[in-house]
Every structure is written in C-alpha cells, then in structure tokens.
Amino acid sequence: MTEMKAETVVARYMRAKDRRETWEPLWQECFDFALPQRETALGHSSNTSRKTDRLFDGTAPDAVDQLAASLLSQLTPPWARWFGLAPGTEIEGARTGVEGALSQDLEIAAQTLQSHFDRSNFAVEMHQCYLDLVTAGTASLMFEIARPGEPAAFRFTAVPLSQVAFEEDASGRLDTTFRASQLTRGQLVDRFPKAKLPDGLKDGGDPTDPEKRVEVLEAVFPAKDGFDYMAVLPGGIGPDSAQGMTSGTGTGAPVVLKTGRFKSSPFINFRWLKAPGEIYGRSPVMKALPDIKTANKVVELILKNASIAVTGIWQADDDGVLNPSNIRLTPGTIIPKAVGSAGLRPLEAPGRFDTGQIVLEDLRTGIRRALLADRLGQPDGPKMTATEVIERVAEIARLLGATYGRLQSELLTPLVTRGFAILTQRGEIGDIRIDGKTVDLEYKSPLARHQAQQDVQATLAFIDGIKSLGPAAATIIDAPAAARVLARAFGVPAKILKPEGPAVDPSVHNPMAMDPALTTVTDGGDARALIDAVTGNLDPEAVQQAIAGIGQALAGAANETDRPSTPIQPDRETS
Numbered sequence: 037m038t039e040m041k042a043e044t045v046v047a048r049y050m051r052a053k054d055r056r057e058t059w060e061p062l063w064q065e066c067f068d069f070a071l072p073q074r075e076t077a078l079g080h081s082s083n084t085s086r087k088t089d090r091l092f093d094g095t096a097p098d099a100v101d102q103l104a105a106s107l108l109s110q111l112t113p114p115w116a117r118w119f120g121l122a123p124g125t126e127i128e129g130a131r132t133g134v135e136g137a138l139s140q141d142l143e144i145a146a147q148t149l150q151s152h153f154d155r156s157n158f159a160v161e162m163h164q165c166y167l168d169l170v171t172a173g174t175a176s177l178m179f180e181i182a183r184p185g186e187p188a189a190f191r192f193t194a195v196p197l198s199q200v201a202f203e204e205d206a207s208g209r210l211d212t213t214f215r216a217s218q219l220t221r222g223q224l225v226d227r228f229p230k231a232k233l234p235d236g237l238k239d240g241g242d243p244t245d246p247e248k249r250v251e252v253l254e255a256v257f258p259a260k261d262g263f264d265y266m267a268v269l270p271g272g273i274g275p276d277s278a279q280g281m282t283s284g285t286g287t288g289a290p291v292v293l294k295t296g297r298f299k300s301s302p303f304i305n306f307r308w309l310k311a312p313g314e315i316y317g318r319s320p321v322m323k324a325l326p327d328i329k330t331a332n333k334v335v336e337l338i339l340k341n342a343s344i345a346v347t348g349i350w351q352a353d354d355d356g357v358l359n360p361s362n363i364r365l366t367p368g369t370i371i372p373k374a375v376g377s378a379g380l381r382p383l384e385a386p387g388r389f390d391t392g393q394i395v396l397e398d399l400r401t402g403i404r405r406a407l408l409a410d411r412l413g414q415p416d417g418p419k420m421t422a423t424e425v426i427e428r429v430a431e432i433a434r435l436l437g438a439t440y441g442r443l444q445s446e447l448l449t450p451l452v453t454r455g456f457a458i459l460t461q462r463g464e465i466g467d468i469r470i471d472g473k474t475v476d477l478e479y480k481s482p483l484a485r486h487q488a489q490q491d492v493q494a495t496l497a498f499i500d501g502i503k504s505l506g507p508a509a510a511t512i513i514d515a516p517a518a519a520r521v522l523a524r525a526f527g528v529p530a531k532i533l534k535p536e537g538p539a540v541d542p543s544v545h546n547p548m549a550m551d552p553a554l555t556t557v558t559d560g561g562d563a564r565a566l567i568d569a570v571t572g573n574l575d576p577e578a579v580q581q582a583i584a585g586i587g588q589a590l591a592g593a594a595n596e597t598d599r600p601s602t603p604i605q606p607d608r609e610t611s
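Just so we're on the same page, this note's numbering is the position in the sequence shown counted from 1, plus 36.
Any given hint could be a false lead.
Straight-line Cα separation of at most 25 Å, BS3-like style, residue types lysine-lysine; simulated pairs [to be verified]: (1) K230 x K41; (2) K294 x K310; (3) K531 x K480; (4) K41 x K238; (5) K230 x K294; (6) K260 x K41; (7) K53 x K248; (8) K329 x K230; (9) K333 x K323; (10) K41 x K53; (11) K419 x K473; (12) K531 x K473; (13) K534 x K473; (14) K53 x K294.
Note that these hints are calculated values from the structure, not bench results.
Predicted, not measured: the structure shown is a model, and the values here were computed from it.
Take the sequences, apply the hints, and build the full model.
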C-alpha cells in the first residue's frame with residue numbers, strides 16, 4: 037500500500053501538467069489539420085462541423101488514417117497472433133525433452149491470451165491510440181480487468197491526451213501516469229463503490245443539476261515490486277470544484293477515493309519518437325505540419341479563384357442608365373446601357389490554376405511521403421512479383437525500424453506482460469515469468485516476421501552452399517535441429533512437432549553413415565565413388581589398393597563367424 041499523501045500526488049500532477057502545457061498548442065494544430073474528428077488536445081469540446089470549416093485539403097487526414105491502419109495490421113493485427121512464447125536460453129541449452137513439453141504449455145498460454153484479446157475491445161481502442169500516436173506522437177492505453185460476466189478478461193480504453201500527464205524515470209520510461217477525468221455522481225459511485233464521498237456528493241448530490249461533473253485525479257506511480265494507485269478528489273467539493281484542480285485554486289483537503297497496488301501498470305504509454313530531454317513524443321504529422329498548412333492554404337486560394345472564374349467579376353461605366361442593383365445574370369436577361377457606353381463586361385481573373393496545381397501536387401507528395409502513405413499503402417500498379425514483394429517488405433522494415441523498436445519496448449512487451457499478469461491472477465494460466473532464460477517472448481507480427489524471413493533465407497542459402505561442397509561437408513549439419521529452427525522462424529505450432537530428445541551423433545553409432553559413399557562401396561558399388569568423394573588430391577591407384585586390402589581383410593573375418601564370440605562387458609552397470 038502506498039505511503040504517499042494525497043497532497044503530494046496533487047502537487048506532482050500540477051508540475052507534470054505545467055510541463056505538458058508547452059506541448060498543447062502544437063498538439064492543437066496537429067489535431068485541427070490532421071485529425072479534426074478527435075477530441076482536441078486541450079479538452080474543449082466543439083461542434084465537429086465547425087472544426088472542418090477551415091480545413092480545405094484532405095491529404096493529411098487520409099494519410100493519417102492509412103498510417104494508423106497500417107500500424108494496426110503490421111504490429112497488432114486483430115485477425116492473427118502477433119506474439120508467441122518459446123523456451124528460453126537455459127531450456128534450449130539443456131537439449132532435453134523438457135523443451136518440447138514446455139513449448140506446448142507455452143503455446144496453450146499464448147493461445148489463451150490471444151483469445152482474450154480477440155474477444156475484448158482491443159482492436160477498436162488500439163486503433164484510436166494509433167491515430168493519437170501518428171498525430172501527436174504520444175498515446176496512452178488503459179488496460180484494466182473486465183468485470184465478471186463479460187466475454188473477455190480485459191477492458192481497454194484509449195485515453196485522450198487532454199486527460200493525462202506523465203513523469204519519466206532515469207531510464208527514459210514513462211513510469212508515472214496522472215489521469216484527470218470529469219465524472220458525474222453516478223459515474224463516481226459506479227467506479228468507486230466503496231469510496232467515502234464528501235458531504236457535497238452524498239444523498240444524490242445537487243438535485244438541481246444531476247449531471248454536474250466533478251474532476252477526479254487517478255495516479256499510478258512505481259513502487260517496490262509493482263505500482264501504487266491512488267484516486268483522489270483534489271481541492272475539496274464546492275461550487276468551483278470542477279475547476280479547482282485545473283486552476284490550482286481548489287479549496288479544502290483532497291479526498292482519497294481509493295488506493296491499491298498493481299503488479300504491472302494499467303496505463304501503457306508509448307511514443308513515436310523522442311528527442312533527448314523531452315518527455316512527450318514527436319509525430320510524423322509534426323514533421324509534415326508546414327506542408328500540411330501550406331497545402332491547406334493553397335487549396336483555399338484555388339477554391340476562391342475557381343469561384344471567381346465561375347461567377348466572374350464584372351465592370352461597367354457609370355453612365356446613369358445601368359443600375360448594378362437591378363441586374364440578374366440569368367438566361368434571357370436584357371441589360372440596358374447608354375448609347376456609347378461599353379455596358380457590362382467581365383474582368384479577367386489574374387490567378388493561374390495550373391501554377392497552383394503544380395505547387396499543390398508537390399506539397400501533397402511531401403505530405404504522403406512524410407506520413408508513409410506512399411510506402412505502406414496498397415500499390416496502384418499491376419500485381420507485384422515475389423521479388424518486388426520482398427523488396428517492399430524490406431523497405432517498410434527499414435522505414436519503421438527505429439519506431440518499431442520503441443513500440444516493441446513501450447507498447448508490445450507491456451501489453452503481453454500485463455495480460456499474463458491478469459490471467460495469472462484469475463487462475464487461467466500458470467505463473468509465467470518472461471525473463472529470456474526460462475521463457476522468451478517472440479513477436480510474430482508481419483513486420484517482425486520480416487527479420488525471420490531474412491534468417492530463413494540465410495539458413496537455406498547456407499545449406500545449399502554446404503551441399504555443393506560434397507557429402508562430407510554436409511555431415512556438419514544437424515538436420516532435425518535445422519528443421520526446428522526453420523519451423524520456429526515460420527511460426528509452426530509446437531504441438532505438431534515431435535518432442536526433442538537428447539542429441540545423438542549418428543556417426544558415433546554408425547561409422548558408415550559419415551559419408552554415403554562408404555555405404556556404396558560396402559554394398560558392392562563402384563569404389564570410384566569413394567575415391568571421388570573423399571580422396572581429394574590423393575593418388576587414385578593407391579586408394580584402390582587400400583580398398584582392396586580392406587576387402588580381403590573383411591572376407592577373412594567372415595570365414596571365422598562360427599567361432600564363439602566373447603560377450604562385451606559394460607564398463608559399469610546401469611539401472
């Protein structure tokens with residue numbers, strides 16, 4: 037149980053919120069131009085149609101949607117298992133049958149975890165987090181235990197950036213999370229049923245305003261062997277309690293609603309990329325924001341020019357006859373003019389559509405390149421060959437390599453460890469500790485499989501090269517071990533593989549198996565096969581005489597088969 041006081045938690049949140057305020061104007065611009073339908077970074081709700089009034093170019097919103105969908109399919113595809121468990125280095129080094137039995141148990145545990153992911157709202161909320169990640173560079177996913185009776189053990193919530201503030205530890209991890217949300221009294225009682233509410237919220241709260249909201253602060257911070265949790269009502273309860281914490285002028289002592297302990301943090305915070313000395317991440321939208329704003333302005337000017345070209349600008353002499361207020365530009369209209377007057381004539385527009393289109397096309401290309409829409413999207417050309425597919429996957433892995441490494445550390449690994457901790461607490465699986473020694477975590481997403489495909493190609497190329505050196509060189513390859521390596525790289529289920537027993541060198545029990553050419557000679561085949569296989573630069577005639585002598589010795593030994601043989605005594609008795 038935490039020993040930190042509620043006043044200390046509120047003070048730490050206020051400092052974290054002050055550090056976040058420097059990012060809010062930038063987040064606001066990114067959301068306005070790239071993701072207008074998302075709640076604003078500042079938490080101000082407004083009409084969605086009003087947000088798009090000053091948005092004229094849809095290149096950035098479309099590219100953001102494509103990149104978020106690509107991340108979902110490449111990292112955490114909802115239709116396939118994107119992770120796996122395997123025996124660690126200590127189990128693999130033992131080379132015993134324990135590895136096979138452990139592999140099957142780990143496969144069952146991984147299938148159980150994936151089943152709960154599939155039945156929960158993981159895919160829906162994860163996609164919202166990817167949208168925040170691509171737009172603002174930072175996202176937060178709340179991973180909770182579902183209530184009894186729900187189809188899955190997990191419940192996910194994509195937390196808006198307007199509600200969270202972070203603290204970073206010495207290693208650069210976002211280990212401390214503060215979430216400030218506004219709840220009605222009904223929501224407050226539903227979320228904290230055992231909490232002792234203050235007098236201002238007892239007996240139904242304010243009867244004149246049942247939807248009145250109160251700000252609640254939840255904090256999760258690291259502690260010994262886990263994370264401590266505290267939920268408080270900061271600033272007391274009063275007429276200005278909803279703004280008390282935000283403005284820092286709340287009155288009264290904070291009220292503790294709930295405290296607890298987590299084995300792993302329920303908040304999973306992750307970033308696109310991070311600059312040294314910064315807590316919050318930077319996004320591809322931030323990099324492309326100048327082009328996005330310029331393209332939006334160019335489209336606005338083009339539309340204004342198009343409006344002028346369609347409706348036209350007209351001029352006329354002030355001859356005392358033509359009244360502009362009475363002119364209606366409709367078919368069949370007769371417009372009077374004075375004798376000698378030029379009448380109504382159009383004014384040529386100075387703008388050029390072709391120049392604006394050229395500039396706009398360059399800007400849109402830059403935006404799509406920055407948001408990887410031209411690399412991760414579906415190609416517009418004909419069907420690609422196998423080589424083109426491999427090169428395309430390699431290009432994707434190169435572009436997302438650094439980002440994938442960060443997401444693997446800040447998102448994927450905490451997701452799996454948190455899921456196993458919940459299932460272990462529920463008793464659905466045994467206690468699994470992913471430490472790399474006993475149990476190792478493997479990623480099987482499409483992006484992670486690219487490296488496995490490269491390993492497979494290198495292994496197969498090595499085997500083909502060894503075969504070209506002759507049968508003698510091929511004896512260094514352990515065929516069952518090579519098959520298991522390829523099976524793991526291809527993601528083959530462990531249950532269809534035979535359990536692995538102790539390693540046996542076949543040449544120890546059967547010297548003739550060291551080279552197929554030896555079997556050919558003993559079966560009466562041409563001795564020249566042996567010469568070609570193993571002699572190298574030796575004299576073929578000398579080798580032929582040696583083989584003849586061996587054959588005579590074997591024939592003499594065959595004539596003495598009737599003699600009683602002496603039984604071989606073991607060096608020591610074995611039970």
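task = Sort out whether K473 lies within 25 Å of K531, counting only the CA atoms.
result = holds (21 Å)
ask   = Within a Cα-Cα threshold of 25 Å, do K230 and K294 meet the stated pairing?
value = holds (8 Å)
Hinted pair K333 and K323, Cα distance within 25 Å = Roughly 18 Å separates the two Cα atoms, so the pair holds.
request  = Measure nothing beyond the straight line between the CA atoms of K531 and K480; if it is 25 Å or shorter, mark the hint as holding.
outcome  = holds (17 Å)
ask   = Is the straight-line distance between the alpha-carbon of K329 and that of K230 25 Å or less?
value = Between K329 and K230 the Cα gap is close to 50 Å, so the pair fails against 25 Å, i.e. violated.
key: Satisfaction of hint between K53 and K41, Cα-Cα up to 25 Å   = holds (19 Å)
task = Starting from K53, check that the Cα of K248 is at most 25 Å away, please.
result = Holds, because 24 Å separates the two Cα atoms, which is no more than 25 Å.
task = Take the C-alpha atoms of K41 and K238, compute the straight-line distance between them, and say whether it is at most 25 Å.
result = holds (24 Å)
key: Pairwise hint evaluation, K310 against K294, where the allowed Cα distance is 25 Å at most   = Answer violated: K294 to K310 is near 33 Å, above 25 Å.
query = Taking only the CA atoms, is the gap from K534 to K473 under or equal to 25 Å?
reply = holds (23 Å)
ask   = Within 25 Å, alpha carbon to alpha carbon, are K419 and K473?
value = Status violated; Cα separation ~44 Å.
ask   = Do the alpha carbons of K53 and K294 lie within 25 Å of each other, as the hint requires?
value = Roughly 22 Å separates the two Cα atoms, so the pair holds.
This entry does not satisfy hints 2, 8 and 11, going by the numbered hints stated previously.
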